[in-house]
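*Asks:* First to last, the protein sequences are chains A and B.
When you line the first sequence up against our numbering, it's residues 385 to 667, in that order.
When you line the second sequence up against our numbering, it's residues 11 to 472, in that order.
If you are wondering where the hints come from, they were derived from the structure by calculation, not from laboratory data.
Note that beta-carbon positions come from the ideal geometry of N, C-alpha and C, so glycine has one too.
Errors might be hidden in some of the hints.
[To be verified] With a straight-line cut-off of 27 angstroms between C-alpha atoms, the simulated DSS-like cross-links for lysine-lysine are:
| # | chain 1 | residue 1 | chain 2 | residue 2 |
| --- | --- | --- | --- | --- |
| 1 | B | 453 | A | 608 |
| 2 | B | 453 | A | 476 |
| 3 | B | 30 | A | 567 |
[To be verified] Listed next, the stretches of chain B that the computed footprint assigns to chain A, with coverage defined by at least 3 CB atoms under 8 angstroms from CB atoms of chain A:
| # | region |
| --- | --- |
| 4 | 127–139 |
| 5 | 144–158 |
| 6 | 413–425 |
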Amino acid sequence: MSSSFLFNITTLSYLVSMVIFFVFLGSRNKTIGYAGSIAAYFGFIVQTVAIGLRWKESYVLGVGHAPLSNLYESVVFFSWTIILIFALIDFKYKYQAVGAFVVPFALLGMAWAQLGLHSGIDPLVPALQSNWLLYHVITCFLGYASFAVACGVSIMYLIKARHESATGNVSAGSIIALFPSAKMLDDLNYKAIMIGFPLLTLGIITGAAWANYAWGTYWSWDPKETWSLIVWFIYAAFLHARITRGWVGKRAAVLSIIGFIATIFCYLGVNLLLSGLHSYGGG
Amino acid sequence: MTTTKGNFASSVWNFFCSLKLTIFLLIGLAVASIIGTVVQQNASPEQYLKEYSEATIRLFSALNFFDMYHSWWFILLLYLLTVNLVACSIKRLPRDLKMVSTPTLILNEGLEKSLSCVEHHKTSGNATTLRDRMVEFLRQEFAAPQVTEDKGVYHLFAQKNLYSRFGVYFLHFSIIVIFIGAMTGSYFGYKGFVNIEEGSGVSEVYKRPAVGEHMETQEQLAKRTINLGFTVRCDKFTVSFYDNGAPKEFKSILSVIENGKPVIDRRPIIVNDPLTYKGITFYQASYSPAGEPVFHLTARNRKNNTQTKLAVRQSDRIALPDGAYLQALEYTQEIKPFIPQLSGPALKVALITKTGEPQSFLLLRNYPDFDVERGGDLIFTYDSVDEKWQTGLQVAKDPGVWIVWAGCALMVIGICMAFFLSHRRIWVRVESGRITIGGTANKNQAAFQLFFDRLLEKLGKT
Chain A
385 MSSSFLFNIT TLSYLVSMVI FFVFLGSRNK TIGYAGSIAA YFGFIVQTVA IGLRWKESYV
445 LGVGHAPLSN LYESVVFFSW TIILIFALID FKYKYQAVGA FVVPFALLGM AWAQLGLHSG
505 IDPLVPALQS NWLLYHVITC FLGYASFAVA CGVSIMYLIK ARHESATGNV SAGSIIALFP
565 SAKMLDDLNY KAIMIGFPLL TLGIITGAAW ANYAWGTYWS WDPKETWSLI VWFIYAAFLH
625 ARITRGWVGK RAAVLSIIGF IATIFCYLGV NLLLSGLHSY GGG
Chain B
11 MTTTKGNFAS SVWNFFCSLK LTIFLLIGLA VASIIGTVVQ QNASPEQYLK EYSEATIRLF
71 SALNFFDMYH SWWFILLLYL LTVNLVACSI KRLPRDLKMV STPTLILNEG LEKSLSCVEH
131 HKTSGNATTL RDRMVEFLRQ EFAAPQVTED KGVYHLFAQK NLYSRFGVYF LHFSIIVIFI
191 GAMTGSYFGY KGFVNIEEGS GVSEVYKRPA VGEHMETQEQ LAKRTINLGF TVRCDKFTVS
251 FYDNGAPKEF KSILSVIENG KPVIDRRPII VNDPLTYKGI TFYQASYSPA GEPVFHLTAR
311 NRKNNTQTKL AVRQSDRIAL PDGAYLQALE YTQEIKPFIP QLSGPALKVA LITKTGEPQS
371 FLLLRNYPDF DVERGGDLIF TYDSVDEKWQ TGLQVAKDPG VWIVWAGCAL MVIGICMAFF
431 LSHRRIWVRV ESGRITIGGT ANKNQAAFQL FFDRLLEKLG KT
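Let's have the full structure, built from the sequences with the hints guiding it.
*Replies:* Here you go:
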């Protein structure tokens, strides 16, 4: 069995999971909600095995390295981290409807990787031959994934809040009645960012440590570095607004969505549109 | 007069303490940074003329958009942020210090009203027995309490993670530490570059030119020269490739010689594994050929099989036994990136025959019979090349880097304290036949509520 076959199964599982979650929103049947989670976790386990297998395959090819070195591998890893963070929140808070807004991000990543990206295992160029690669990529992507979850929850919040203000009270028959309360969503948004912000901070620090070790400069205002700092500024502003000025609700949700757009630009936009040291964008 | 002065001072103080300012500064820094990534930084005037009109260039240059991160207003934003977070800390710190020195020990009515978690519990037993039971209970389930007696009523106070309140100060202080580290590096350190030819050594390196300097005089160059105080010699440089032609490893063998004695002998450095001596670090950054390579070829006569060894310099042409000339045009260590079906070193040569019709073709090290197919009278093989390399080393001295790492460590510790721990406090008032319990947390009140409910459940069982 090859890793690419398992990645196809992963993509399919996330698709099935998303469809089940949408059906759940329509049917409001709790069992269907569980089925959606189970499909996502099945995909996650298959994906974990596939990533391990791809790692092993790279050693068989004689270019052994962690599968985090090009755009394909990073997108696959990103969707893995999204489901991981989703699982943490699902186990802890059990808001099934959240799946309908988070699993699509993971599916989008897998589908794009499988259909549109070069999936070959390439040897590592000298600049990437370092253990820092592992620490740096893992922390950054766990951070990104938390922001993705926060963004999904914020979209739910905006839908819910709009509905609540339009109808005064949500009728029991509506899909939106299944959403956690606006207050819960607001809190979940904050909690996801509380996980993501420390991870992003670690990601930036490990990146700086690596840059210093490889080039002798921990900070050179390279577009990727700068954009990671921009994302950090945005979420720092979010946390300050939130902790101390009570910027809860709609404005927090909007800021969280802006933060995720900046995150995606930092991850993909910089490579595809600007030039710099993180060269995987060409792949 | 003094009142207006006082008002003015206090309004300045309030301005610097305000969180509106913090949010404005963070968003301002984000916007300025975005500009810096969209507008190319420190390019030459010609490049800017290609992209923008002259009026735009004047405007951007007045706003320092071409050197955003060193512009006065970007730095001003950083200074304001520093002042802002110092002011906020000064304003908040006394309150938190008071919690350490004089915690609230007594659960009176006022405190009770302010707490979100309060529970009354009727029970039998006199105050002393109940007090001892509650002390033991808190010690087991939460933290050892402090007991105060007030008019025959016992007050118990226990707390956890008091010091998590200081995480935010660590975090803010760490940003200042990082700034100090960065400044130390820029005042007392430098970034430079040096090329060393194989077999030779250098004891001087060049600092990177100041931003915006594109042309410079000898004097300016001399100003940028730094004497290392020792010599770095490159004994050998090698580059290796993967099968697909991508570079695998750039390696320089370096030795350090001080006062005529070798102090570091033949230490290999590669990308991601630099060499440090006396606070100066040398990083593998690039390589280039030093001098002209000499190619060694063999020409074999197709008819009588006689072989002639040839040595060709890149710029020269040499005469062949049959009166024609051979010239080396270009060469590569690895042909694969250009022709994926082939591998190994390749040399492109031009053959100028007497009839004057020049002919150019490839010779491949790994395929000695490649040239047979061409059908010429002489069959060439590419045996070897003598080439000399020079290694390109990034040179950095940064005495501030450890301050920066200390700041980063402090930041991570501060974040963990501030984000994942909350200061939880529980008070118990014991009167005879009656217990009142109250509690609060400075963060994540919802989680504390759950904890508090479980605590009461356990209390009910005892």
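*Asks:* All hints are to be evaluated individually against the structure, with a verdict given for each.
*Replies:* Hint-by-hint comparison with the structure:
{"no.": "1", "hint": "453(B) x 608(A)", "in the structure": "violated, 33 angstroms"}
{"no.": "2", "hint": "453(B) x 476(A)", "in the structure": "holds, 18 angstroms"}
{"no.": "3", "hint": "30(B) x 567(A)", "in the structure": "holds, 24 angstroms"}
{"no.": "4", "hint": "127–139", "in the structure": "violated (count 0)"}
{"no.": "5", "hint": "144–158", "in the structure": "violated (count 0)"}
{"no.": "6", "hint": "413–425", "in the structure": "holds (count 6)"}
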